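Chains as they are written, first to last, in the working numbering: chain X, 230 to 1171; chain E, 368 to 922.
Treat the hints as calculated values from the structure; they're not laboratory data. There may be inaccurate statements among the hints.
To spell it out: a stretch of chain X is covered by chain E in this simulated footprint if at least three of its residues, at any positions, have a beta carbon under 8 Å from a beta carbon of chain E; those stretches are [unchecked claim]:
| id | segment |
| --- | --- |
| 1 | 675-681 |
| 2 | 807-819 |
| 3 | 893-901 |
| 4 | 983-996 |
These numbers come from a predicted model, not from an experiment. Using N, Cα and C, we set each Cβ at its ideal position, and we do this for glycine too.
Residue-level listing of the chains:
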Amino acid sequence: MRKLLLLCFRTFILCSIFLGIISENSYAATVHDTILTDTVRTDTIARPLDKSYMDYQPAKLNILYGEQSRSMLVQSVGFLDGKRLESNPVTNLSNAFAGQLVGLYSNTSNGAPRYDNASLIIRGRSPLIVIDGVPRYSEVFNELSLNPEQIESVTLLKDGLSTVMLGNRAMDGVLMITTRKKSIKPGSFLSFTAQGGVQNAMRMRQALSSYDYASLYNEARVNSGLAPVYSQSQLDAYRDGTDPYLYPNINWQDAILRDNAPQMRYTLNAGGNYTNLKYFVSLDYQNQSGLFKEDAANPYRTNINYSRYIFRSNIELNVNKNLTASLSLLGNIQDFIQPGAGYTSIFSSLLNTPSNASAIYNFQGSYAGTQKYRNNPYAETVASGYLKNNLQSAAVNFALKQKTDKLIRGSWIKALLSYAPSYEQAINRSKNYNAYNYPVTGDTTNYLRVSTISEQLNSSSVQNRFQQTYVELSTGIERSWNNNDFSALILASYDNSNVINDLNQVYQGIAALLNYSFNKRFTFEVAGAYSANNRFAPRKQADFYPGAGISWNLHNEGFLKGNKFLNEFKLRVTYAKVGNADPGYYVWRQTYLGGAAYRFGTGATSTASITQGAFANPDRVTEKAKKFNFGLDFAFSNKHGWFSIDYYNNSQYDLLQTRGESSLILGNEYPLENIGKNRYSGIEINAGWVATKGKLRYSISGNITSASSRILFNDEPAQPYPNMARTGNSINQIRGYIAEGFFDAGNISAPSLEGYVPSEGDVRYKDLNGDGVISIYDQTVIGNGQPLLYFGANIGLQFAGFDMNILFQGVENRDILTTGNYQFPFNNDGKGEAYTYNMNRYTPATASTATLPRVTLFNEVNNYLTSSLYVKDASYIRLKNFEIGYTFNPNLLPTTVIKGVRLFVNGQNLATFSKYKDSDPENYTGLYPLQRIFNGGLSIKL
Amino acid sequence: MFTFTRKNYTFFIMLCVINTFQLGCQKVEKVPLEAKTEDLVYDEKDLNGVVANQAITNLYTFLPTGFNRIDGSYLDAATDDGITSQYASNIQLLSKGLQSSTQLVDNTFGDSYTGINRASLFLSKIDVVPVTDETKTLWKAEARFIRAMCYFELIKRYGGVPLLGDKILTLYDDIHIPRNSYAECVQYIVNECDSISDHLLKEPVTAVQLGRITQGAALALKSRVLLYAASPLNNPSNDVTKWETAAEAAKAVIDLGYYALNANFVNVFITRKDKEAILAYQDVKNQDLERANSPAGYVSDLYTSSGSTSPTQDLVDAFPTITGKAITDPTSGYDAMDPYAKRDPRFDATIFYNGAEWLGRPVETFEGGRDKPNTDQVQTKTGYYLRKFLPDLSTASNYSPVDHNFIIFRYAEILLNYAEAANESGDIAANRAIAYTQLISLRKRAKIIAGTGALYGLKPNMNQVEMREAIRLERRIEMAFEEQRFWDVRRWKTAEIDFNKTLQGMEITQIDANAFSYQVVNVEPIVFIAPKMYLYPIPFTEVISNNALTQNSGW
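In isolation and in its complexed conformation, chain X is listed as follows (with noise of 0.2 Å):
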């Protein structure tokens, strides 16, 4: 059942791409005047339905450093809206992209508040986030911490030219976000939206009972060669319950954590737009707690609470008819409280802390513990004290921008500072608890302290400091002239930024931009960037990157002119040279670092020791990759439909990296070098149909990528057998033996592990050389070989004033390695944690359904080898997002000072759908567990 659900999700998505070509003839008729208007965003408070292909690609577009129109575009940019992120309840926008932005693959691998920003990837690299223009970084907190309703809209540089004139940042792409500045419409708005909602923990591993985990930490001691320990009485007392304090049966992650979370936020928005004033001011406040229980006895919170509060203020002035300034402020101060012991290692804590470990609480009333497992992880959740971290940040831009007509026609001169200093603060108010076991219930005379109570700490230290100043001077020009378009930009950047006590590190540098294009029909683009960073070496800091770039609009050509199916249709190839400064900390230099002491005379006096550090490596630069993108668009049916296909390839070299051909003999670590080749390439997709039917407005849209990589070079020596080469396969290869079930008796002398005898139900590895025992020649690729799919699919329905939006989204070949306390039972040298899905183990009755190996107590040094029996699909689809709202008819409000009311509710992560099954795909590692999240709230405009 399952199985045929996902089939029809595929097959759903794949069809939702490709409608626009099929619906052609069906959709024709119902063009609608509005629907060739190159609308952009508008203020309403109606969410985002995507009206026309211009809401994917309006006509000028945000790039680096300015604005192109479609039409003159070359480089390769994927485009959101910001209202698209609205109906996402998250506190981290980076949560909000999945399966929106063709091209970008996201991972969340860790759920808790304030710290659950997923990884973004674009083409195999995580892109440089570029916020109004400005790089920032994610030094002290995640540059991506905003509220989605202050976002104008996102922009993904994906292609070298785009991000060329970031020189030596430019290689990893680059997220742009575009915050808002105006009202659209001329006037001015105040808008409010209170909106609350509930996250529950998704998809999280379910630990064995006291019984099931005794009955096979039995048959693992047996396994093992030793006595069980657990008599069947003992058994029965845990599965009976008789004394719940001897042989306690403890849900641990039910007794630790809450089945629900509340999250708030409440946002005021006002926006002008006058003709020499516009702005736009924001208030946010969010707050976000955390799954863990609270004991009402402590007079402080120790459940995690996450609060935010953002500031923005985008202000821009026409001085006079030429001179723009422009003044934006940001401000965003954050609290977040943890218990003492600190999340993560709670949810080490569960890992390690079975059923029968202990009872909560002895019974007598205090902690209980024992000596084997003296973490009791309810006492660490609510007794530990609490740890609170306060952070500050701010960011001034200051812009002017003077236009020169005077000088030159269509020329103007700008420059802008940016000043953003963050600074955060760790207060520790921490304790220990004292736990107690009590060999005997009800003997209050017998028992051994465990955890001994500590008093409550009051220290507070720089958790971190970050500070950048960055100035940016400009000039450019835009004319145009009979069927000439051409601009130009000149720029000079310098970014100075600092991390507590490091040395300033410095990028700049001096880009420039040239488009021009002949008769709407072709446009040429050169860009290029001489870009330095100060921590190389002198003379190995600098280099120069240029790129160029062609796009045709076919559609103007005589031959298409007037098609009335084809609208757009055009073609775009870029190719450029991008760099990526990793220059570590002035690692060019050859230091001496201080060295373990050593101790000398009676007294043992502890003599400092000074020693060589790793070799320097004074010739490292800059990583570079030539990039080339071939890309094409096209929009048919009066642009209901849309369609756009990117191919890239990413040819990357002097990639850092230690060198193969490598000996301890040298006696120093060697250092990292540049000498690695990797490819990079795929292809994206992205097709769309929006259309109007009487009151029915609908869109229906989806992306796809392919993405694959492979090693080039990375200076690997000769191996002894093919199967070994990691050069060749991709970046992400897993790499270990391939299993091939479990021995049994009829195949018990099977090649095994060198040394090693072979138990029935231990896992059989493939001999690959065949040279009759298992051993390193015998590792190969297991995982990540395939070309990573991912894709979204998004369907919006507007009707009457109800508006809906679903958004579905999922990755497809993607493997990963499960190993650890959560993977392997009684780890933690046989303390550990086992689960349900432990019970699929390799008994002599279950020897043809089993899929793990038979359990030991020892860390197996045959079963839990990294082989494809620990290498899962994690291939998933989810219900990412969905919304459901109605506005109110304005006409219909009791008074005119309100404009617009709209009611609305959203879910994030609503079902997902996978092969992977013992826990969530994306977060599997026993972490803080992703939320799902159902949410409603109000909008209201006046």
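Based on the hints, put chain E in the right spot on chain X.
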């Protein structure tokens, strides 16, 4: 035409912006100056050699250390003397024959070459530092000792390795370096010891100098290297001259006339300044060993005990009785019903057995006893715990910090080296007389009863083979858990027998409060795959990238 004049203020502001950041650029630290460069470490102006002293100090951290160093276990837990009590420890890869070139345990290949590199670097740079010639000579000798020690640590594991001499490899050198022969390496180490021994500190050293390498240490290293080189593993043709050289080397240490056995065997391991300790890895006073090794049942609010090592019945049975005679000897006074009574006092100092006093109560390793509760907590697998290296805390109430230096060379080893080398130097009575003398001095110190002819239980008039066995037995019990037997059995080439059997323990049943019954039981096997395990595998990554380096056979 420039017509900006009206807009001067714009440019004024821009100039301000530029000026601000230019001002900010002036006079800043261009590189992090707190990270010292070579000229500040080996500094022509450092009259007292303060920083250079830190560089020589760093070399000392490359001295070998011991105790529970392999994933919480003694190296000796991969011999027939003991097993780890832990469920899982990497030591089991060694003891079960599961080590491979990619699954390495006790792999010092990289560490040793790091020490060699740093010592050579020190030697090449130190001349610029304006300390006295005396200091410079001493430091250089120390650096050369540590380099020689690192080579010895390599050759006892891997056989012959590339000798670099004074060459300091850089990134631009060819790393495809072949191995030197074992004999060449031995010769190199011996030559180094010979040329530095006169330059090192001579005992007695001052209180401040304690822990520094002395002349005795260099001679002791030479003695051990030559003993290993003369042993069957490395001397298959049994070239007697090698034994003779080894005997001379051991005698050279004795002839220094300074070293002596500590009268109390227990105190050897807990006394920082002791005439028996020739070289020890210096550590601060601590109670790590008490916590790691004491029987698992000694737990209170104040302390915990992990009982991480379980000595075997095989070792227990190797200890003679107080008469110095083997327990199989009917005249030894051994009582199988009371097996721990009247044994060699070193037995009491080495083994926690059922009934031994510790922290005010007897150890309970009988089945179900406090120290062997047979629950799933880590506890002895053999009925014994390791007591060696611990002070006598029979009546104490808590652990307290104690000197726990790991002794690299001690005088007792030199005596045993001398006895062994002399006995092998030729089947003549004079050689055996030398051996008798050494064994007797050890047994006398151990407080074994002198007995008939003051032979301390040794069989009179032993032949060469009997004497060999007696020396090997003495070495086993005297040096237990000091990282000797693991190598001794290998160099004797008897590992396929000694390290290839099922190790035994004692199952003790309590009959009543003071009565127990004893049953020897099989505990777990130890595996030795001959001949490949006589040498360690060289790390796979090393052999792959340096094709001039041949892997040891069998790996």
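Here is what the structure says about each hint:
1. Counting residues of the segment 675-681 of chain X whose CB lies closer than 8 Å to any CB of chain E gives 3, so the stated coverage by that chain holds, three being the minimum.
2. Coverage of the segment 807-819 of chain X by chain E holds in this model, with 4 residues showing a Cβ closer than 8 Å to a Cβ of that chain against a need of three.
3. By the rule of at least three residues with a Cβ nearer than 8 Å to a Cβ of chain E, the coverage given for the segment 893-901 of chain X holds, with 7 such residues.
4. For the segment 983-996 of chain X, the stated coverage by chain E holds: 3 residues have a C-beta nearer than 8 Å to a C-beta of that chain, and at least 3 were required.
The earlier numbered hints are all upheld by this structure, with none contradicted.
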